[in-house]
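Visitor: Kindly generate the complete structure, drawing on both the sequences and the hints.
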Amino acid sequence: MSTNEYHFITHWRVKSTVEEIIDIIGDADDLPRWWPSVYLEVKTLENGEANGKGKRVSLYTKGWLPYTLRWQFVVTEANPPHGFTLVAEGDFVGRGIWSFAADGDMVNITYDWKISAEKPLLRLLSFVMKPLFSMNHHWAMARGEESLRLELLRRHAPTAESRALIPQPTLATPTQPLQWMVALLKGEQR
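For the sequence shown, the numbering used here assigns the number 68 to the initial residue and increments by one for each residue that follows.
Where hints are given, some of them may not hold.
[Unchecked claim] The calculated lysine-lysine pairs, modelled on BS3-like cross-linking and capped at a C-alpha distance of 25 Å, are: (1) K120 / K197; (2) K129 / K197; (3) K120 / K181; (4) K110 / K181.
[Stated by the list, open to error] Listed next, with one range per pair, are the computed distances between beta-carbon atoms: (5) L191 / L220: 40 to 46 Å; (6) D94 / Q235: 17 to 23 Å; (7) D97 / T70: 30 to 36 Å; (8) M202 / D97: 37 to 43 Å.
No lab work stands behind these hints, which were simulated from the structure alone. Using N, Cα and C, we set each Cβ at its ideal position, and we do this for glycine too.
Guide: In structure tokens form, the structure reads like this:
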């Protein structure tokens with residue numbers, strides 16, 4: 068494996084239905100609302116087929132570290148309600164596979180992300196910074212699980228008053244290194 072190649076497998080388990088999870092995760096344009104710590108801007112470029120195959124999406128994302136990524140993906144396989152596969156290009160090149168499995172009133176969610184980091188900063192520094200870049204991915208996915216749980220609580224809140232009591236998801240960390248360092252020193256980043 069080259070120093071700029073990464074392979075991550077993430078598992079989440081939430082109380083929901085597969086259909087609801089597909090509705091949330093499959094709506095790319097809504098990612099900045101419920102997962103704002105990672106998704107800064109998302110725009111669907113092509114809708115693709117009814118099952119999602121062929122959908123093309125442009126993304127502007129970040130993690131905990133103070134750099135951003137521009138990339139696109141196209142859904143190359145769609146197998147509702149079991150999941151879908153996407154192929155990424157831009158600052159990330161590779162593929163991601165979302166898989167969903169019902170288990171009683173729970174859903175097991177797996178994201179298998181195998182990419183090469185092509186952004187010059189990541190490609191050039193991966194040989195020495197790979198553990199930090201990997202930690203950045205794990206932070207982003209942990210925020211995703213946290214944000215998904217909050218989104219499910221909002222969707223199932225019985226009243227507007229109870230929905231208002233649900234905390235907002237974690238916001239994006241600063242994109243400028245100096246801002247990021249100051250926030251880190253103040254304990255504002257988790």
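Visitor: All hints are to be evaluated individually against the structure, with a verdict given for each.
Guide: Going through the hints against the structure:
1. K120 / K197: Not OK: K120 and K197 at ~32 Å, beyond 25 Å, violated.
2. K129 / K197: The hint holds at about 16 Å.
3. K120 / K181: holds (19 Å)
4. K110 / K181: Within the cut-off at roughly 22 Å; holds.
5. L191 / L220: 40 to 46 Å: Distance hint for L191, L220 holds at roughly 41 Å.
6. D94 / Q235: 17 to 23 Å: holds (19 Å)
7. D97 / T70: 30 to 36 Å: Cβ of D97 to Cβ of T70: about 35 Å, so the range 30 to 36 Å holds.
8. M202 / D97: 37 to 43 Å: violated (27 Å)
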